[in-house]
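S.K.: Residue 1 is where the sequence shown starts when you use this note's numbering, and the numbers rise one by one after that.
Each hint should be verified, as a subset may be incorrect.
To be verified - Quick list of in silico lysine-lysine cross-link-like pairs, DSS-like style, CA-CA up to 25 Å:
(1) Lys743 with Lys764
(2) Lys115 with Lys129
(3) Lys625 with Lys688
(4) Lys594 with Lys617
Rather than coming from a laboratory, the hints here were simulated on the basis of the structure.
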Amino acid sequence: MLKIPEQGILIAPASLHLPLYQAIHQAKGNTIGLEVYSLHSFIQQFFQGQPVDEVTLLFETMKKCQACSSTNVFYSSRKSYDFIRDTLQFVRYAKTYGIDFHTLHENSQKEKDLKEILCPLENLDVREKQIPEILKQPFHAENIYILQYEYSEEESLWIDFLLQNGAHTLEEAAETDVQYVSVANARKQATLIAQTIVDQYDADDVFICCQQASQMQVLAQMLETYQIPYTFLTEDAPSLLQYQLICCIKWIALQDIESFITMINALHPDTKESIQPTLRQFPDLFTTRKSHLPDLYQDNVFMDRYSFEHLQKQIETTLTWLEEHEALCHWTLQDIEDVLQYIQAQNTCTLENLRAFHQIQDVLRKCLPSLKTREDLLFLCEYLNAKTNYSTASQIQGVLIGKRSEITALRKVCFLTDAHARSFPDLSMHSGIYDETYLADLSVPSLATRLKKQRDQLFTCLSLPKTLYILVPEASYDGKENPESHELVQWIGQKAQFVDVKESSVYEKPQFSLNTSLASSLFFPEDRFTGSISRLESFARCPLQHFLRHGLYLKEKRDTMDIRMQGSIYHHILEILMDTYQKDYTKADTKTIKNLVQNEFTFIRNVYPQQAPFFEKNVLETTDKILKILEQLDDFEHDWHMRTSHQEYKVQMQLDWQGTPILLYGYIDRIDASQSSFVIFDYKSSDKDLSLQDFDAGLALQLITYTIAYETTSGSLPAGCYYISLKTSPQTALAYKVNYRKKVPEATPLDIKEQAQEAAQSRKFTGLMFQDLSIYSDHEHFARKKEQPEYPEIKTQWQTILFSLLEDMKNGVIQPDHAKGACDYCAYKEICRNAANEVTKANRLEQEEEHAL
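Construct the entire structure; sequences and hints are all you get.
M.R.: Structure representation (structure tokens):
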């Protein structure tokens, strides 16, 4: 509990001034007898002279560190921002205790090298050198009242000085009710806090100490869910102007394409989708200001005409943009005023921007004389990056959320979160180059003394609120155990009591459905359906994916650097070989194959010349893979006695469904035929089987549809439809065949070529057989499924399944109930991530029978 005096000076952290004003007003009403200061502001009266700015001291420290010898172990770090910052911090710390750098020990090489660094800094103009004399002087502090909080080591010196000279603390001794509980995880912790506040307390009486910054938003969301008002005492307030200045200075220092792209991303974020990707993909545009693209488009398997024309427009747009922003491309340090004016022009004139602009102007004014080299500019960037901007609350309401150092008696109830061994007590120690080992020989308070003082101060502050809840999440979100803090168990005298937090579900599953009218307008424009059979398969795999692609026409987001080696290159080269060599296409030699592959890559190499090594590697890989594919197909083609009648054959099928015209189209990779019969072949870059279960669920309609469509147009009899896998996976080759039937097992050496030939001959195609294919094949390359229905029945089933899919589509079914594997390469995962539901797709034939009954 606080005892507010009638008059005097109150000292409290700046972030707690508003809560302190609130407490003063409640206790005294309006008063002019009290003044409130932060400790930093109050002690300025003790120092003489004007303080030297931090950035000036850093550059001066760096300048003095350049004098160290090249044999010094820290020589390579003499311009490193982290090293200079740590060195300046040590100088301040050492001068606080009056240490003369010329008396430093030289017992080790590290101490010798650090002494060489520190001695030139002896007279560095830091204000801390005045502290030893100030602390010796008497001071009348009887009218000073200090709010107890968890002081830093530097603050502790001044607090002790004031208390020794008659200052008082604001708190009255009172007994604290401590509740020590554990919960399952951090979310349960936030839920327990919210439920406890709603059930027992007024939000204006509560302070929450959030020890993990990453949990602040989780806590805020939970308080909002329970409609509890809250205020963050301090918040990270990143300055866009400061970031823009950093990017501009880096560009001036480095003058490379990446720093230029980073700069225009900061100054012109609207270029992110067009200018920046193009510059990153074609960096020569920045230097040559010329397009290198071929004038005319050529058919190829990597890029369609639309993509090529789109790329041409992107390059033209980029060159125009560079011409309009020529000044940015030639900025130097002498143009710093132009840089500031440009940054100012890109931002609206608000109070926050004016304040931020004044700050960066002030920093530049102070360090500009020190900016001579590229390293100096990068050093300034590091300083600005490390300069964290925080904003304190301008008004407060409800629960206060802050750091552990802000636990005070200002609020009656305090929740200390994440109080496990990893974050509690978390006492401060010196680390890095100037660590505790280095400090051990200096005339500063010992580590044991400092740790004891911190620990005593910590538990004193925990005893300030009237009620203290200490919460321990037993596990992190990824399931790692959080061990209990031994210090807390000792202080409280017992282990944490586990609380099973019950949550009321506020989550509502999104409704994924369309009314019939909307579904018809999206999927059946002009009362007709036109699409590929693979589109219907995609609907069967995942209705939501189909809706996003074919209803909303959302395109997959692709980086312009993403040049995909499509499997269609194998189809195309096989087509060329068969047209050229007919049945002997599998005999084509390596040189012929490589030339064909080179031709396929010619156009795309002209489009992306900087990717030449990538393409050369893929030419070799593609050539090798096609040779292996031909080797696998050689035995089949030798034994196969149908002729190839069509390749890349376009099929169209017209149907009528409930008075609605249905037009299906697609391309058949290969059709082999005899005088009376034909077989459909579809090339696949992976292993694939035509599963009857998938067919019944609508997931495998392509081959059947192609068969029915070609039967209608050709008048021939279907003999089968099969997948030809172009996958070339390594197979195990045994060195010996062992006969264990004899008393002494015998090992017979095996020839690798014979094994390879046997593997090729045993290769079977997967699909459906409608006639006996043994009359066309000398070897059994085709498997027939035992449970396979006859072809007329399959045609009937196909129509039932097709109409069932169209019925669901028209009824607006877009639920994200996806089949296994549908999400593997889906471009829309982020949209449905919380509602995706993998299911086993039902048999549409059985559904139809149930519906009929």
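S.K.: Could you tell me which of the numbered hints above are not met by this structure, giving the numbers in increasing order?
M.R.: 1
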